[in-house]
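Go by the hints and put chain B onto chain A.
Each chain, letter by letter, is given below.
Number of protein chains: 2
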Amino acid sequence: MKQRAILPALALPLILAGQPARSAPADDPVATAATLRDKALAGDTVAWDLVEGLTTEVGPRMAGTEAEARARAWAVPRLKALGFSNVRIETCDMPVWTRGAERAAVTAPFPAKLAVTALGNSAATPAEGIEAEVVAFETLADLDAAPAGSLAGKIAFVSHAMTATQDGSSYGVFGAVRRRGPAVAAAKGAIAIVIRSVGTDHHRNPHAGGTVFPAGSTAIPAAALSIPDAENLQRILKRGKPVTMRLVLTPTFSATGQSGNVIAEVPGSDPAAGIITIGGHLDSWDLATGAIDDASGVAITTAAAKMVMAAGKPRRTIRVVWYGAEEVGGCGGPSYLAAHRDEKHVLTAESDFGADRVWAVKFTLPAAAAPLGDRIARALAPIGIGRNPAPATGGADIAPLVKAGVPVIDLEQDGTRYFDIHHTPDDTLDKVDPAQLRQNVAAWTTMLWLAANAPETLAAAPQK
Amino acid sequence: MKQRAILPALALPLILAGQPARSAPADDPVATAATLRDKALAGDTVAWDLVEGLTTEVGPRMAGTEAEARARAWAVPRLKALGFSNVRIETCDMPVWTRGAERAAVTAPFPAKLAVTALGNSAATPAEGIEAEVVAFETLADLDAAPAGSLAGKIAFVSHAMTATQDGSSYGVFGAVRRRGPAVAAAKGAIAIVIRSVGTDHHRNPHAGGTVFPAGSTAIPAAALSIPDAENLQRILKRGKPVTMRLVLTPTFSATGQSGNVIAEVPGSDPAAGIITIGGHLDSWDLATGAIDDASGVAITTAAAKMVMAAGKPRRTIRVVWYGAEEVGGCGGPSYLAAHRDEKHVLTAESDFGADRVWAVKFTLPAAAAPLGDRIARALAPIGIGRNPAPATGGADIAPLVKAGVPVIDLEQDGTRYFDIHHTPDDTLDKVDPAQLRQNVAAWTTMLWLAANAPETLAAAPQK
Chain A
85 MKQRAILPAL
95 ALPLILAGQP
105 ARSAPADDPV
115 ATAATLRDKA
125 LAGDTVAWDL
135 VEGLTTEVGP
145 RMAGTEAEAR
155 ARAWAVPRLK
165 ALGFSNVRIE
175 TCDMPVWTRG
185 AERAAVTAPF
195 PAKLAVTALG
205 NSAATPAEGI
215 EAEVVAFETL
225 ADLDAAPAGS
235 LAGKIAFVSH
245 AMTATQDGSS
255 YGVFGAVRRR
265 GPAVAAAKGA
275 IAIVIRSVGT
285 DHHRNPHAGG
295 TVFPAGSTAI
305 PAAALSIPDA
315 ENLQRILKRG
325 KPVTMRLVLT
335 PTFSATGQSG
345 NVIAEVPGSD
355 PAAGIITIGG
365 HLDSWDLATG
375 AIDDASGVAI
385 TTAAAKMVMA
395 AGKPRRTIRV
405 VWYGAEEVGG
415 CGGPSYLAAH
425 RDEKHVLTAE
435 SDFGADRVWA
445 VKFTLPAAAA
455 PLGDRIARAL
465 APIGIGRNPA
475 PATGGADIAP
485 LVKAGVPVID
495 LEQDGTRYFD
505 IHHTPDDTLD
515 KVDPAQLRQN
525 VAAWTTMLWL
535 AANAPETLAA
545 APQK
Chain B
85 MKQRAILPAL
95 ALPLILAGQP
105 ARSAPADDPV
115 ATAATLRDKA
125 LAGDTVAWDL
135 VEGLTTEVGP
145 RMAGTEAEAR
155 ARAWAVPRLK
165 ALGFSNVRIE
175 TCDMPVWTRG
185 AERAAVTAPF
195 PAKLAVTALG
205 NSAATPAEGI
215 EAEVVAFETL
225 ADLDAAPAGS
235 LAGKIAFVSH
245 AMTATQDGSS
255 YGVFGAVRRR
265 GPAVAAAKGA
275 IAIVIRSVGT
285 DHHRNPHAGG
295 TVFPAGSTAI
305 PAAALSIPDA
315 ENLQRILKRG
325 KPVTMRLVLT
335 PTFSATGQSG
345 NVIAEVPGSD
355 PAAGIITIGG
365 HLDSWDLATG
375 AIDDASGVAI
385 TTAAAKMVMA
395 AGKPRRTIRV
405 VWYGAEEVGG
415 CGGPSYLAAH
425 RDEKHVLTAE
435 SDFGADRVWA
445 VKFTLPAAAA
455 PLGDRIARAL
465 APIGIGRNPA
475 PATGGADIAP
485 LVKAGVPVID
495 LEQDGTRYFD
505 IHHTPDDTLD
515 KVDPAQLRQN
525 VAAWTTMLWL
535 AANAPETLAA
545 APQK
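Line by line, the protein sequences give chains A and B. Here the numbering used here = 1-based position in the first sequence + 84. Here the numbering used here = 1-based position in the second sequence + 84.
The list makes no distinction among identical chains, and a pair is therefore deemed to hold if it is satisfied within one copy or across any two copies.
Once the Cα atoms are required to be at most 25 Å apart in a straight line, the calculated SDA-like pairs of lysine to any residue come out as:
#1 Lys322 to Arg162
#2 Lys325 to Ala232
#3 Lys322 to Ala165
#4 Lys197 to Glu150
#5 Lys197 to Gly184
#6 Lys197 to Trp158
#7 Lys487 to Asn472
#8 Lys197 to Asp514
#9 Lys397 to Arg172
#10 Lys197 to Arg183
#11 Lys197 to Ala185
#12 Lys322 to Trp132
#13 Lys197 to Glu186
#14 Lys322 to Ala157
#15 Lys428 to Ala453
Everything labelled a hint here was simulated from the structure, so no lab data went into it.
Extracted from the complex, chain A is given alone in its bound form (with noise of 0.2 Å):
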């Protein structure tokens, strides 16, 4: 199918170069949809400008940090700049988990240092860490397998690879290790556990990423080694001596931290039609600048509701929402349903997967919308996205809007690299394609031009 396949990003302007021109009627939507498509695409500077600016002068700000504040009050200037309504913060409470010292070496049969990060609410080990016999597993389905009081004074270590995916479905398979996997290992009596970054580059910069320890489970140190560590530690492992490792982790909790959410308005013309929220998070972890993640799904969905707002007051309220503390699935999303329940929300979508070019349009829409859905598809394939039958499903961000009933559409960004840059020191503004930014906002400029003006009646679903 030629329209879902990955086209070099630089050749898109050639690609679009060669279709017809279309001679349709000056007030068939499509058409005007796809005028404002092409000029995102040739020459969107919002979303670059916003990238740029918040990698550089604000940097990483880990949700519920003195950074992440920041990173609010250097958004609210640049939104009223952009020419946005009603742009404020509306902040929450969350308590804080900050990374402290961490370093891990295999201290026998052969030292090696290895590159170490610890994930999010991991424990702390004493100040001058904890030394101990590791063990080794290939999958969490083996940890899972291991016998009670197995693993007693024992650092755990998994190693399962996670592999590529445009879609990013590996993501959920593998990302249960780190989400899991610690809290499966303090059962069976871990000291610690660390375990390969899930991840798919081979760079000594280990990811970061949250784990969960259920209410009523021992919380242990935990940690991420870089890819090519975990590798080394294999074939340490593979030598068939005992290995001991040495783990230095001294994270800490504050109960009250501040998050908050950015929001900023395009106000509609018809306050019957309801409101289209729109964003991606602000907030990121604290290893980089963020640039991926999220920094670009803001940009993204900012310069398409600029760009919209540009072309004359759209007939729905366009909201566009930098949440806050999506990294730690803190207070963002779910304060923001709290705060706005009661407004009526016909149409949500986030943009929180990269930069890198979108490739398919998923969508959830009552059927009444369904010729909606018709033609945001007709506007997008031109840009190389297919029209994918699977319903849409939004990310975190959004996930209380869309549990709450609100219709989503998913634009699906290519994923294919995603993975080697997602929670790493090498988040950094080098990894945005400008190119395809620019492709991501003229999909976005499509497919909001055409539902903020849609005729149609968009909500269907009663929001609770």
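Relative to chain A, chain B alone:
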């Protein structure tokens, strides 16, 4: 020129399979060399086992340290087990520079942690670091042009961006920023210098490497920033506000360290025909396991010597040298010549440019040995290696031998991605492509068997 095109490594066996079978007479040396070449290409395991073993069981092995001594001790039984004769260690004394703590951060106008590593021979800051304004230079020439005293109390920053080249020639140009820049900045009053890493990657891994403070100059703290961090600093500087940086580097010097060479031989049948020395360097920088720099070089040359040994006693003695202290300009190469000056060295070669495929061969041979060069070129062409008419020069380890007039052959490796990895924490086993490693062994086996058994007189220039 087809034979110089870069071919995907995995395609090599297919290309070979497509070569017409030779119908050369049994005593055609090129045909015999081709048989050995193809045997190495199809199935050498010696090189991989050495790289895997050295990186896994020894790891980083900084010149003059306990780790380098451990590497020598690791080498001896392995070379004996491979069947080499006269395996021994020849030590030499040297001063040792040892990395300490290293941290850097922009403190104003935007706080930003920077990934940094001290350059070899860097002076130390106080333990609490220094903080000063940053003065930026785009190139070393710009730094050279700064007025005397103009950097008093400042931290200099040079952002010159290296480009990748297949032949590695860009290292000469851009490497000068690292080698010479710190002394220049010191002479103009700078209290420290940071440079954009001399490298071609885009990861948060700074490139180590030595700098030089000539006698009479003042050593200052000198460090390399990772390339994404250097680019971030450039963007911050472009805002036009004063930029301050905090820098902590606490390396130490010791006057008394010991390095050494590990030597192993394949005795020849004709002592009067002289000795061929081949090898690479055993030491590595301290940030990684030195897989491509230069475990691969010692492994490739040793595997080739083993392959020639297995084909029957050669005419000439082959001496494999795993040199010490190459990275820091230490005593390995000079001490080898000092100890063996009176022996009849007739040819030398070294492998120290990674593990990617050989794409060209160069010769510096006496006229009488020109037919040997022709035979080697003919035997290498089928595996994609073209003859480069420029003279061979060798590298740092064999520079003393070459300077003394010993003929030299260069088997030039593809360096396109070498400076993505060189001297970084990323120089780990996963960067070695087994198929390309075997192609190297095939090329070296071809050259070595033909040279060791050549009927011509090889040494013409008198050795000094």
